[in-house]
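Undergrad: Chains A and B, in that order, give the protein sequences. Everything in the first sequence is counted per our numbering, starting at 35 for the first residue and increasing by one. Everything in the second sequence is counted per our numbering, starting at 78 for the first residue and increasing by one.
In case anyone wonders, no lab produced these hints; they're calculated from the structure. Positions of the beta carbon are idealized from the N, C-alpha and C atoms, including for glycine. Check before you lean on any hint, since a few could be wrong.
Within a straight-line C-alpha distance of at most 30 angstroms, the following computed BS3-like cross-link-like pairs (lysine-lysine) qualify [said to hold, decoys possible]:
1. K172/B / K341/A
2. K423/B / K149/A
3. K423/B / K174/A
4. K172/B / K196/B
Cβ-Cβ distance ranges computed for the label pairs, FRET-style [to be verified]:
5. Q530/A / K188/B: 36 to 42 angstroms
6. R576/B / Q530/A: 50 to 56 angstroms
7. Q511/B / Q530/A: 54 to 60 angstroms
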Amino acid sequence: MRSGGSSSLRSAALIAAAVLCFGPAARAAKNQPPPQWALDLLKTSVPAFTGDPAAVILSDEYVETVDAQGRATEREREAIRILKPQGRERGCAVSFDVDEKLNYFRAWTVTADGKQFQAKNTDFVDFGDTTIPILLSTVKTRVLHPPAADIGATVFCESEELLAPYQQETVWSMQVNIPFVSEALEVDLPPGRNYAAHWHRYSPVAPTQVAPNHWRWELKNVPALDLSNVPVAPSWSALAARMTVTWGDAAVPDKSREWKAFGEYYTQLQEHRADPTPDIAAEAQKLTAGAPDFYSRLKDITQYIQKNIQYFIVERGIGGLQSHFAGDVFRNRYGDCKDKTTLLISMLQAIGIQAYYMPVDDRRGVIDPDDPSLAVGNHMITAIQIPATVNDPRLLAVVKGTTGTRYLIFDPTNERTPVGNLPDYEQGSYALLAAGADSQVVALPVLPPTANGEERTGTFALAADGSLSGTVEISSTGPTGADTRLALKYTDPTEQRSELEKAVASDLPGVTLVSYKFTQPADLDQPLDLTYKIAVPQYAHTAGPLLLVRPRPVGDDAMPFSDKPRTEPIDLHATGRWHDSFDIALPPGYAVDELPDPVALDTDFASYHSTTTVKGGVLHFDRVYTVRKIGLPASRAADFRSFEGAIVEDQQEAVVLKKQAAASKPAL
Amino acid sequence: MRKPHLLVGAALVAAMLPLFAHAQFQQPTPEELKMTSDPKAPGAAAVYLDIAETTDDNLHYKSYYARIKVLTEKGKSLANVEIPYAGEFKVTDIKARTIHSDGTIIPLDVKPENLLSFKDGNTKFGKMVFTLPSVEVGSILEYRYQLRYPDEWVSSPEWKIQRDYFVHKEHYSFIPFASFLKGSQASSSHYLYDEATGQTLNTLIWMSRLPAGTPPLTGDTTGRYTLDLTDIPARPDEEWMPPIDSLLYKVQFYYKGSYNATDFWQDEGKRWSKQVDHFAQPSSNLRQAVAGIIAPSDTDLVKAQKIYAAVEALNNTDYSRARSQSEMQQLKIKPAKRAEDVWTQKGGNSNEIALLYLAMLRAAGLKAYAIKVVDRDQALFDASYLDRDQFNDVLVLFKDGSKETVLDPGEKLCPFGTVNWRHSNTYGLAQTDQGPAFGKTPDQPYTANSTTRTGNITIDEHGAITGYITQIMSGQQALRWRQMELENDDTAVKKAFDRELQQIVPAGVDAHIDHFLGMDDPSANLIAMINVKGSMGAATGKRMLLPGFFFESRATEPFVQQEKRLEAIDMHYGDRVSDQITYHFPATMSVEGAPQDAKVSWPKQAIYLSQSKSGPGQITVTRVIIRGFDYLKPSDYQELRGFYQKVAASDQQEVVLHAAPSAKGN
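Here chain A stands alone, though its shape is the one from the complex (with noise of 0.2 angstroms):
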């Protein structure tokens, strides 16, 4: 492939050329060999891994040198070989914060051959973090582009950080998309410091004590994470092992203790952050007056919130841990997650609710309560006090805390999803409830079937040269309806017709859409209505003397699956109910020869049931899809592959309709 990219980019660079036109001839380093840990790495053979990879790490190894302060020194040593032409990609790299220091980042690269190449400043790139436009930060991140990366080659790297100084744990990510043959992680503490560990999806390793009080994890081939051709797969992040370490306040030998220490921590990070200003008192006062009740005035700043509060924000330093001041965003009127949980608390606070931060991650699964870290995680959520006295069943996403204490989760960030209810990705989650002293881990809820899903009928009038034309009616609930209004806000009307056509036609081919029209009432807890005319030129197909009809027009409730032995969990995606209810009137002069068999699907994590039924010549569809659970372990994969086959063969089905011989003359 030959380079492209963007005239303005290439003109750009001119421009940066032209000014270091002037600037002196730099003087080439005098070439440094590979570092001796290095040249003993060259001797490792490379065992065999499944997967056949494009690269192995030979080794990865990381020294944590913390100080008396508690604060640590990275350095790391990797070795890379490279073993296919997609394995050149897989470089080094050390990303680092304006409270960071790179110490240095060094790199060699030895050939199949032998012949050995030091990588020198124009091997390096920067990158900062700027791909998201609404999610930036003042990281930066240091690539290697490897001189000599040809396949059999061997690159090493080696680095050395000073970590910020609030960084108590690091988080050792020793499952990647590549395979290892060894990797360790070291921890040299100071006198009298404690560290506390804690392992994800790994049988925990002892470590040896190479010096006082300095500890050495090591593993030998951990396996490539390859979920790119598994469907339905759980997040790649909750599926790759990892083990935390840290070494602050929170290194205490009870996980439970652990959890609650971070939350403190946490808790006092936050101090005085939500701390309400007039303008923001007042705000909420007038938004809950005359509210009836609890749920009606959470609903009243809720809403508020999801609506006039935009995603931005430009985090630099700890700002990727503590959010701004409320009186800031709500001036401002934008933030992230931190930000838009601080100015809630703010405005509950305001009105007498108390409510706390909830460091979560948006994938779930990520968050494992074996593993304290606050570290791990990528989110902020709210977690609301609910007063005793409270009992509405419209509050679901409601969990009790150690103390018996009830709390409402709520995540502000998602802009559509009804306080009560919950983000699906959140469901079944685990996330930190930073409330002071009563700090803990909490299991995040999974919400009933009948919190999510949708109603869809249909009605539709079939003619006897196949063409068929109609009206459908969807009514979307709880996420479902959630997602559908975050499309919907983020999409203009031509984009969301374009979309609707797409999504129509997927299930009928050639189809017209007459018209359409979405009803969003302004509470979020309400439903969201979508109504569109359709018109499909041949939607029943001949076959000799037989017109063949799908009765299920549109509507696709199948998950993918495959027939491949399964290592991997199976993730559901959301609880909720689906049903359709079409009719189809058919055309004069045509009987049925046959309808689809019913189909009674009942399992603990979803049931299937649907029936098509034929009478005074209107054609009746009718199913319900529920979704128990929000996931399955991989040992039920057979049971999953069963219950989706089932589901698409039901989707295939046709009703065979038969032409009726004309009636004949009368006699003369």
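Following the hints, complete the assembly by docking chain B onto the known chain A.
TA: Quick look at chain B alone, frame taken from chain A:
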């Protein structure tokens, strides 16, 4: 932002500072405040009320101003502003405010963040970012800023007139470097100098693509250029568009050392041709190498083919890896300055290899010329834009007697006699007997690009299937998979092939490539041997319903959904796709219904044929679609769509198997 040029002479800016002018914030009208939609842009998420850009190459700054009306939630995203800048440019004087529909003004009081985008040893790009405060649907967003560049630079502007959203009013202004201002030449001791060419720049030129009816752009009496436009439509976004950046409205200024387009292209053509001839000069070493490749008794065509195979076998670094600067230094290798260097180093990039091929043909005494073409996937050629960098890739024209063949030796694994589609039906600068001239490469006939899928699938009474399919590819499809394997490996290519298969086979079917044949031989067809299994269709009490067209049941035909078309259609190359799938079923079943034979013809453009033929225990369904065109005008769209709608409808037909043999004549 355009190429800068060095300003030679003493600094001259101090006396000119008072001339700053940038758009001031303006009071919105009551109509603008109340506006909830825009009849000129129905359904738009936002519209630009005003855009203004000013460039002054004497004061070395550009100023930008925008006023935006937010009409929907999506339009609020325009509150996030990113100002990219390069090198020594500085972003200054950022002012911004939000005006609510009730007239309330909320100024930006947060310091914008200055972030790094990219930095290496030679270049640096940054990005100044901020978001406007308190944005609501109905808000007006207003901001301005300046970009300043060093005193020794000029930076003629590129006015990007067409944006992602409709624009009501645009105002542009450009004050060129003083020597180009009327009456200034005599008094100025400064001149512009292009480092790359060594030319003194004496002409200000602009390329413009403007809405119909826009008066020609001219400078005023002082030499200032201004442009005022109204009602500019949003940038289109449609499937199978040509490179859209080549079609959008814009004006691009630049300083050149020539007076007009004819002079420019003549000069540049000569310069380029001279550089080509210099690089591709057949040295004695090359002649010696060629002598080892060809035999004196070979015909010219065979000689050209043998040399082609030799250069194709070299390490093309565009498909493997280019040596880094430090690696070259450590190996004591210098960048190739002559074709001979490419041969000696046993590799180079695509253009270097193409020029090596040219040199070796010439060394063999054959007649050959270079053509440098526009990559049709990236851009369209515009002769009024005087920039040779429009041409990207080098091809070679081989003349065998009166027969001319365009060759693409820089495309690894491209068969002799053909080119990558990106180099077909595109303009280029060509060497000819009469000197350099513009030329256009031929388009690709459908006969050159074919995919033929032949399969046998056995299905049992429950719908379980097993079988195999042979997919034979020639032309562009074969080239695509072969080049993918160069940059990856067999396993990765198989995975990618499987992913594409899985998107088109019927639901419930697992299709997997077993192996490829001919992957390394560009002169042969590429064959994929595919295994299929799983379940398919639906079984009723008496019947089984199967998709009539195995590869088309997922309805992936283009254009079917899009009613209207704004832009031309570029489908890259003509091709022919043929399927012949035979279903074998139990003897207890018979065919009760089959897809009707169909012929959909779009004269001189495309044709679709389908046919089914059944016999005891089997039915064979054949489908052929031939697309003779690669590029169509928007006016052809309704016929194009009509063709694909008919194809899509036909493709949904089914095979009906009856559980017992049908009565004769039924």
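Undergrad: Honestly, which of those hints from before does the structure not fit?
TA: As far as the earlier hints go, 3 and 6 are violated by this structure, in ascending order.
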